[in-house]
Each structure stands twice: as structure tokens, then as C-alpha cells.
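Trainee: Given the coordinates of chain A, work out where chain B should sit on it, guided by the hints.
Each chain is listed here by its residues.
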Amino acid sequence: MITISRPMRLGLAVAIGIAGLMGARQIAVASDHQDTADVELNPKQDMTDFYAFPTTAGRIALVLNSQPFISPSTTATASFDKNLLYQIKIDNTGDAMEDLVFQITFTGSGASQQVQVRGPLAPTVKGAMQNVVLGADPVVKGSINSILGSSSGIQVFAGVRDDPFFIDLEQFFRILPDRRPSTGPLSTPSTASASAFRPAGQAVDAVLGANLAAIVIELPTSMLTAGGNAKIGMWGTISR
Amino acid sequence: MSLLRTAPLLLVAVLAAACSDNTETMTTTMDTTPRMYNQVQRLGNPLVSEVFLAKRSHALHGSTGPATDVATIRAELVNFVATVAGRNATVQNTLATVLLPDMLIVQTDKDPATAGWLSWALANGYGGRKLTDDVVDAGLMAIFGPLLDPSNVSPGLTTDNVASDSPFISGFPYLAPANP
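The listed protein sequences derive, respectively, from chains A and B. For the first sequence, position 192 matches number 192 in my numbering, and the numbering has no gaps at all. For the second sequence, position 152 matches number 1152 in my numbering, and the numbering has no gaps at all.
Excised from the complex, chain A in its bound form:
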């Protein structure tokens, strides 16, 4: 049996850390050339929208949507990426840094996948890079595509839903072709071919009938303002 000493383990950890950083840098360089081709190739990393709205008195719902254009035929087996860390970050002190985070992770695969939700808690590491999963146990966990938790506390749903967004993306890319994807039917226009949107009746909602992977968390609003201001700023992230 190969045995490895404690300091050797430190050396390995450092080496692995360096390898991780170098790997991330290569990906970043590649992204500078092809931009979201990276996300196109890995649609589960593609965050589409973030919502926050009041529900019943004193409660707020947060929605982190990802993985656009799940077709109805693959909906039954669609799942999240268990190698990704999905987070909702909350700044309640006005400095644009997260004071609290929700961390959402997944285990298993396919329709039997399980979700774990941690937070809202102060993050171990702030900022965009080198985030780690909180040491605390999940506050809510269970199967995807089901309503979990408590309607008076933290309630969670993670699963496939209809994409709530709506936009004439085809015409948008005719007006601003720089933003178009690298592959697929929307990738063709390379120069601007329109200067106005299409009139009602001709305009087409590009996400009509499409599904996506939604994470919905509802909780008492006071849990987000605790220790801070009534005015809060929030954003969703996906990390790997």
C-alpha cells in the first residue's frame, strides 16, 4: 500500500491547487476568444435569469434559472450538474459584496437527483473565485422536481419548469449580431440585417414552449436583511 506523509499531503494539495488555477486560466483565455461557446458546450452552466419578488406577507421568492431550451422530450430525464455550485448572493450592507449566500448543490443524476440547499449564511470565501461549500448542514434537502421545506420557513423547488422569459431573440440578433451564439439556428447572421424589431404578429418569442432548470427558494424576507439594511442587492452565480 502506498502511504503518504502529512507534509507530502500538503505538497500535493499545493500542487493540486496550482493545477486548478492553471486550468481555470486556460479556460478563461479560451473564453476570451469564443466567449459563451464554453457555455454553449456546457448548457448546464448557462444561467439565464434571476428573479426576486414578494409573495405572501413578509416573504420573498428568489429564482435562479439555468439550462435553457430543454426540449419537452428530454424534460423527464433533465437534471442539474452535480459538479457545479449554484449560488444566490445577497449584499445587505451596500458594498456590492455578498454578506449572505444560498448555496445549492446536487447529488446523483437524472430524475432521481437530490438537491441540497445551504444558507442564508455568511460565505466562507467572498467574491467570484475559489468559493467553497459552507460547512453547515443543508437547511433543506430532497428530490428534485418536488416541493421541499416549510411554507413558513425556507421552501425550495429545484427542477424543470417552463421558461418564464420572453424575447424575440431572432430579431435581436439581426439587430445586434455580435451577441449571437456560435452554433445553432440563431448563429447565422454575421452583420446587422435589421434596425428595428418586428411588428406584433410577426415577432416571435424565442423561448415559447421551452423548458429550463429552475431553482426557487422562498423564505421570510427578514432572513435576508438580518444584520444589515432594508435595501439589499442580489445576484445569482454558477461556479465550477
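Simulated from the structure, these hints should not be mistaken for lab results. One thing to keep in mind: the hints can contain errors.
Stretch by stretch, here's where chain B covers chain A in the computed footprint (C-beta under 8 Å, at least three residues) [what the hints assert, rightly or not]: (1) 127-136; (2) 160-167.
The calculated lysine-lysine pairs, modelled on DSS-like cross-linking and capped at a C-alpha distance of 27 Å, are [to be verified]: (3) A:LYS141 / A:LYS82; (4) A:LYS141 / A:LYS126; (5) A:LYS231 / B:LYS1110; (6) A:LYS141 / B:LYS1110; (7) A:LYS126 / A:LYS231; (8) B:LYS1110 / B:LYS1130; (9) A:LYS44 / A:LYS82; (10) A:LYS44 / B:LYS1130; (11) A:LYS126 / A:LYS82; (12) A:LYS44 / B:LYS1055; (13) A:LYS44 / A:LYS126; (14) A:LYS82 / A:LYS231; (15) B:LYS1055 / A:LYS231.
All of these numbers come straight from a predicted model, not from anything done at the bench. Yeah, the Cβ is synthetic: ideal placement off N, Cα and C, and Gly gets one too.
Mentor: Chain B in isolation, oriented as in the chain A frame:
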């Protein structure tokens, strides 16, 4: 952190390892080392990346946080409003100030009935973003229309003429069930 700077540290660690007689398996090590995650996607306000930033800048937006937005993407956002949309400083500065740092702002002490994208800035309301908000039209109206300033508007670009089609449900989780 550059490899050059960490190389001496690595060398020290490996040398130290050669002198030890502690015995534990590597598997244990891997399990106790916290995995680190680097951000690849981020979204606070809708449209900030998609509309204002050139595609080459999307990865920068996706790998950074709101705290550096004013330093890193404000100039590009302002430049889009000035050159592509042809709008004056009032529109440029209002949009930059409201959208950056790129966070979805909620004034939790305001009337929930006033919830809606940017209502915190436009009407001192609750803010946030509802599922039914037509954020594309709201954004287009601010960028190309007379919402913030009457001069040099582009009437053909103030709405994309599509409306919400989703049969949202009144209770949790609010989003409509998946399309069969």
C-alpha cells in the same frame, strides 16, 4: 497567483515531505481538502451582459462580481448607450448608475405592491423582478425611448412586440409546469 510565485512554496513542501514518516493514505487527503469553485456565470439585472456588453466581454462579466463592475464594465456600458444607441449623457449616466454594480435591488421596507424591475430607482418602490415583468421592453424603452430623455430616440427599438406566454401558478414555486 502565478506559478512563478508559488513554485518555491511547492518546492519547500515537497522537500519537507521527503523527511517525514507519518503514514496516512492519499485518499483521506483528497476527501478533506475543500473543493474550490470558480464562477463562470453571473446574473443580477437582466440585459446587462446580453445587451450592453460585447460578446467578448461576457466572460469577464461572468467571472467577476458586482464590486468591480464600475471599474471593469461601466465604460463599455456607457459607450454602448452613447455610440450604438446614440443617446446623451443623461441616458448614459442614468443607466450606468441604476444598473451597476450589477445587483437586483430590493427595498424590502417598501410596499410589495410596487414590486417590479427597477421600480426601486424609478419610483422609490420595492424593486426586484417579477416573473411577468417585460424587462426587454423596459430596458429597450430606457435605452432607445423617451423614458429618461426625449432627444434622439429610436421608436423601432423600444419594444420587441412579444408578451409573456407562461401560465404562471399562484402558489409556490410560481413558475409554470414544464411544457409536455
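Trainee: Against this structure, judge whether each hint is valid.
Mentor: Here's how the hints hold up against the structure:
no., hint, in the structure
1, 127-136, "holds (count 7)"
2, 160-167, "holds (count 7)"
3, A:LYS141 / A:LYS82, "holds, 14 Å"
4, A:LYS141 / A:LYS126, "holds, 24 Å"
5, A:LYS231 / B:LYS1110, "holds, 9 Å"
6, A:LYS141 / B:LYS1110, "violated, 32 Å"
7, A:LYS126 / A:LYS231, "holds, 20 Å"
8, B:LYS1110 / B:LYS1130, "holds, 15 Å"
9, A:LYS44 / A:LYS82, "holds, 10 Å"
10, A:LYS44 / B:LYS1130, "holds, 23 Å"
11, A:LYS126 / A:LYS82, "holds, 22 Å"
12, A:LYS44 / B:LYS1055, "holds, 19 Å"
13, A:LYS44 / A:LYS126, "holds, 23 Å"
14, A:LYS82 / A:LYS231, "violated, 33 Å"
15, B:LYS1055 / A:LYS231, "violated, 31 Å"
In terms of the numbered hints stated before, the structure departs from hints 6, 14, 15, listed from lowest to highest.
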